[in-house]
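Undergrad: Here's the letter readout for the chains.
Number of protein chains: 4
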Amino acid sequence: MDFAYSEKVIALQRRLGAFMDEYLYPNEQAVLAELEQGGPWRFSPLIEGFKAKAREAGLWNLFLPDSAYGAGLSNLEYAPLCEMMGRITFAAEVFNCSAPDTGNMEVLARYGSEAQKAQWLVPLLEGRIRSCFAMTEPAVASSDATNIQASIRRDGDEYVIDAHKWFSSGATDPRCKIFILMGKTDPNHPDRHKQQSMILVPLETLGVTVVRPLPVFGFDTLDRVAEVRFEQVRVPAGNMLLGDGRGFEIAQGRLGPGRIHHSMRQIGLAERALELMCRRTQRRVAFGKPIAEQGVTLERIAEARILIEQARLLTLKAAYMMDTVGNKAARAEIAMIKVAAPNMAAKVIDWAIQAHGGAGVTNDVPLAAAYAWARLLRIADGPDEVHRNQIGKLELKKYRPAVQA
Amino acid sequence: MDFAYSEKVIALQRRLGAFMDEYLYPNEQAVLAELEQGGPWRFSPLIEGFKAKAREAGLWNLFLPDSAYGAGLSNLEYAPLCEMMGRITFAAEVFNCSAPDTGNMEVLARYGSEAQKAQWLVPLLEGRIRSCFAMTEPAVASSDATNIQASIRRDGDEYVIDAHKWFSSGATDPRCKIFILMGKTDPNHPDRHKQQSMILVPLETLGVTVVRPLPVFGFDTLDRVAEVRFEQVRVPAGNMLLGDGRGFEIAQGRLGPGRIHHSMRQIGLAERALELMCRRTQRRVAFGKPIAEQGVTLERIAEARILIEQARLLTLKAAYMMDTVGNKAARAEIAMIKVAAPNMAAKVIDWAIQAHGGAGVTNDVPLAAAYAWARLLRIADGPDEVHRNQIGKLELKKYRPAVQA
Amino acid sequence: MDFAYSEKVIALQRRLGAFMDEYLYPNEQAVLAELEQGGPWRFSPLIEGFKAKAREAGLWNLFLPDSAYGAGLSNLEYAPLCEMMGRITFAAEVFNCSAPDTGNMEVLARYGSEAQKAQWLVPLLEGRIRSCFAMTEPAVASSDATNIQASIRRDGDEYVIDAHKWFSSGATDPRCKIFILMGKTDPNHPDRHKQQSMILVPLETLGVTVVRPLPVFGFDTLDRVAEVRFEQVRVPAGNMLLGDGRGFEIAQGRLGPGRIHHSMRQIGLAERALELMCRRTQRRVAFGKPIAEQGVTLERIAEARILIEQARLLTLKAAYMMDTVGNKAARAEIAMIKVAAPNMAAKVIDWAIQAHGGAGVTNDVPLAAAYAWARLLRIADGPDEVHRNQIGKLELKKYRPAVQA
Amino acid sequence: MDFAYSEKVIALQRRLGAFMDEYLYPNEQAVLAELEQGGPWRFSPLIEGFKAKAREAGLWNLFLPDSAYGAGLSNLEYAPLCEMMGRITFAAEVFNCSAPDTGNMEVLARYGSEAQKAQWLVPLLEGRIRSCFAMTEPAVASSDATNIQASIRRDGDEYVIDAHKWFSSGATDPRCKIFILMGKTDPNHPDRHKQQSMILVPLETLGVTVVRPLPVFGFDTLDRVAEVRFEQVRVPAGNMLLGDGRGFEIAQGRLGPGRIHHSMRQIGLAERALELMCRRTQRRVAFGKPIAEQGVTLERIAEARILIEQARLLTLKAAYMMDTVGNKAARAEIAMIKVAAPNMAAKVIDWAIQAHGGAGVTNDVPLAAAYAWARLLRIADGPDEVHRNQIGKLELKKYRPAVQA
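First to last, the sequence lines map onto chains A, B, C and D. Using the UniProt record's numbering, read the first sequence as starting at 1 and increasing by one per residue. Using the UniProt record's numbering, read the second sequence as starting at 1 and increasing by one per residue. Using the UniProt record's numbering, read the third sequence as starting at 1 and increasing by one per residue. Using the UniProt record's numbering, read the fourth sequence as starting at 1 and increasing by one per residue.
Heads up, a few of these hints could be off.
Identical chains share a label here; the pair holds if one copy fits it or two copies do between them.
Think about it this way: if two alpha-carbon atoms lie no more than 27 Å apart in a straight line, the pair counts; the simulated DSS-like pairs of lysine-lysine are [as the list claims (entries may be wrong)]:
#1 K398 with K8
#2 K289 with K194
#3 K184 with K117
#4 K397 with K347
#5 K347 with K398
#6 K397 with K289
#7 K184 with K289
#8 K347 with K289
#9 K194 with K397
#10 K328 with K393
#11 K397 with K328
#12 K398 with K289
Rather than coming from a laboratory, the hints here were simulated on the basis of the structure.
Only chain A is shown next, with the shape it has when bound in the complex (with noise of 0.2 Å):
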């Protein structure tokens, strides 16, 4: 359980932060107002700009652990870099690094036939379009996956899908051209999880309407939720992936990665909070000294060095055991990393909003759409409690009793 980075990981975490520091930081503030003004519906202009540039420094799809695809790197390996990531709320975009392209890339580079790769996965590595992953419904409590209530029908060599899906991350982005969609093939089946599957849906297909981007604590563009509808919607048979009831079993390989793709950025962005403490802190005065000085600011600002560091180490153990004995294996890992990393994080990015009086809750530092990206975490990719409830019952087996005769 070796967590030092490797040599071909210092070097491109040197090259990424030198990108970062030439381009994403300076820029920030312009980035966020481009996206502000051009509503949810556009995009930026400058990520744009970055993204070719990324691409030409060799920064890119350093998320996929295929290297014919990607970068080749192992989970523990992309770690720091995803972290370093996280530290900008868009930054990961720039490398192409974001979701949900990068889970719906690694399920097509997996599971995908060679004519779904040639038609979604190309155009996706290289950045030309955005995808979107559509699971969770607003009638359902969807945390309960087997609660999800989308209708994919086979008729003759066709699928129909009749859907209403919401927090569709990707959706709103103007080059979004496809989804994946989970929904019920069997909603029969006697094994429940045999009744789903996942299906390629492009976005211009007849039937699916766009019908409005979700707001996240007053965010537009945050993972560009949007509600969706899917009405007599049809596709050829072959964009079914996988296979019909397989749903379940390509949500399981494409969450694992997802889930610490998410806890690495999560902690960047708490490193990130706690560097703007810091220094705003020392900068302000009140009562007669530095913020950073009063007592209430240091037991903030150590508590939450120790936080990061806990859930830093957390999500490399989990990053090394998905890459050494599986997803499956790491499944606690995995939960356990899931509710920590997000929920330290808005505790984190709270202190550093409070400790930056009121232009901590404003847009002048980017605070405020931090917590609100840590909030939605708590909730996205199955809510604390249910990842909690996971870990809790796997904890409960080490001590079954013995069954009394």
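Based on the hints, put chains B, C and D in the right spot on chain A.
TA: Coordinates of chains B, C and D only, in the frame set by chain A:
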């Protein structure tokens, strides 16, 4: 210390409740949509309509203890009504009971000259115009009010104002006509509490620029706070309130009621969140039973109820003390509820958000905005830390060790 | 809902305070040393002396609402006196106001036959004997009272009792003469709330064994709880209280006042801890200034004050409701303070311990024992979780969704 | 930063675990009963027997990195073994690995003269005697070590010691023969860190009085701390350690390992509490289902697992850094685990207590004592607040603003 509501209050509660049931709850989403679509600089025509009806119904200026101008209710009597208004973020405005107008009207009623009253108090009381309170500054830690830099310089029959303010509440309302600004008339006065004054500045004076609205967690119209510049702004000497150097004195009188109103509204806001949480979790099923019946949900509902009950009682006690022994003797209690109520509300709302899943962070339920409001109030009107400091010092005084000879 | 103290109460407060100042505070350490050296089975001669003085002074049986036997105070009137007693762990006993005698006396006064009263109530009221309440059992989760296994079987003119109890409070006091025991007379009764009964069992009956005292966090005489076995214990049929199957009914009547007394005392205990914290931190200097002036200390003192104030008001409200609408209508409020007060006290005491450094965990200051008491009360008389469950369910009922046809 | 356990460590873990399974767990209650009945001044004959067996088994002095004297394990290697010992409060002593002997042996091994080693280190290594560390004083806030008042005055060939110490750990053990005492040889030295020295004081020297044991939350033998007076105590000049004024230097060397050992043991203690919680809640039924299946229990079990995992990883990182870059470069990490581990353990144990109901606060399960131990460690070796202060300052340094010219 009798907290039972009088018949007068119960009657008002009933009428206020009926009004909100008839007009506000059914139109809550429509009003919020108007505000959102209108952008930060516009107002809601729906609210304007409700204001006219509220005034007709005599549900108007309930906050004003001075019966010459308002309802003549004591703080204790106003508390349950103010709480009720707090349940909807925009409700107080409908009844001409929203900050910062309330505080500004009180200042004018109490300290204004007859001319000042005629010009500004009357239209404010009638809801024809709105007002702004400009105290906080971006350049300094304004939690320590002695840090304030704004200059108010006498020049013949005029005062010349140079100031850079933000979190000036009310300033983005298109009907806002008048500022009460705090600044230094005598920056070198040996008594630091006599350096500052409050002065009336009409919005349309040359040199006043409302630079931009300040979003609060991405919400543009919450409290309608703005950044404002005052450059070589000249106003007649008669615009000074009460006299040079009396700004702190006015602030003391102003902030007590302001803080208790905020606390009352936070309690209403938390009650609303709890109601939404109870309703939602009884309708949604996950893993085989309603979310409401899952242990964690029940625990949080119970804790929320306990926290709300306690915060309400403490607020009533503070109100009672303000009414009976005065704001100064009640300063510990006012500080306590200023800390307790928004922290309680933020916690309860956070649980309610979590119980709503994704919906909780959107604008489809009024929880994310409620959270932003509660969170802002942990900073506005003095951050928690400043109030706790004061409470702690008052407590220590009770047990001051005897000086050793 | 008037919480102001009446003149009668203020006079009693003054006398009680004077008594405690004269006798109890100056001898607190001496009494605790007597108790500690005496071991769990003995009592403190000092306390006995104070009891005589308290009885002479008319500060006796203040808890009893029935004026035929006691002071005739309402719950609201008794609250501030009970709080005062709570400041010292052993003070309530001095005034014949300590659990479980108080609850047992109430049960006898309310439900006892004349013979039962003559034999047990009179000596208890006079403080000549003490009593025990035996409900909890080690073999089952007694938080769910229907789990209780104790058997009370009718056999001719007698009842035969077989039970294994623990946390039987009062049992290790050498003056303890009588148990009130809860157990099942009709384990198969279809209404689970009619299976249980309460019966009087003299300590000296054959088959009763007080097995051992139970330390609470290492403290031997706190609440004087013990493990007790009842093997084939025979008592006359006349020892049954109220009648077969009425145990739950008595428990309901008994537990309300018991819980509110505990809450009141916890508030006193927390006030004492805060006082000790304020005194200590003003006397001790670290890193160049008194600990009291360090930000973290001030924050905690302020939070402690806020928490105490709120818990006290909620306790007064519960008391007021018990007095005016009865224990049943007040059951949510009783449950709330049962949760709120000991949790608050445990938190405040914990801060006070930390502020005392090493001294805080010793017996040189009464904080470690205070913590143990508060901690025990998060479990005793129903653990927090059970009460929160009940509160949560009562809250949900307010918003029960209409049944769908 | 490889945290994987080496084969050597795994083998030791296996042997240590087998030893504990064979001797310690089955006799845990018996040993605790011996300690309790023996009173604070005696030791447990059972432990003595186990010590002999442990020494035979080669499970002895595992803590000592110096292979001339001990097992020659690095901090990282020792960590999992130390954690294992922490599961039972008295286990470390069985393997001659308990504080304060460990720290004292390290000091002697590292800084002792040959004569000092022969006289004290050898019998300590063999477990024939025990030792005490006397630093904290009741009269001052010892968290600020410069407050220490003890006087060590040179007088010819001797030093004369006057001191009033408490929380002197190990002092009530009947086999305790030697103190390491910290005090001032040069109270006026301009460099405050050169005022203090450490000196060896045999217990049987004239003028040494072990005044009384200090209970910790009512537990008499936890850490065996005592109050000790040194009045005109004379020891040969050769008893000085390292030289006059080098006390801080030794303390630095001593405290790092001491703190990490404590943290490791706290992790073991928390693991044990979690195991007990999982076992108990699966066996007990309340309100129709095992307590383990109730939502609140599952949540806490999950949170406990998350907290433990994180604290362990951070402790391993600190150990790794101590091994590779030294105690000084690892000082932030050492401070972090000194805060994180006992706080985590206290929280986990508290949940386990609650899950046990009444049993949790008794001595029938080892949780109340475990809590007392964890709670003590939030104060001992520097209270949380002092460590957080240091961590906060180190963090701020990273972002020190440039001095403005």
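Undergrad: Find the hints from earlier in the document that the structure breaks and name them by number, from lowest to highest.
TA: none
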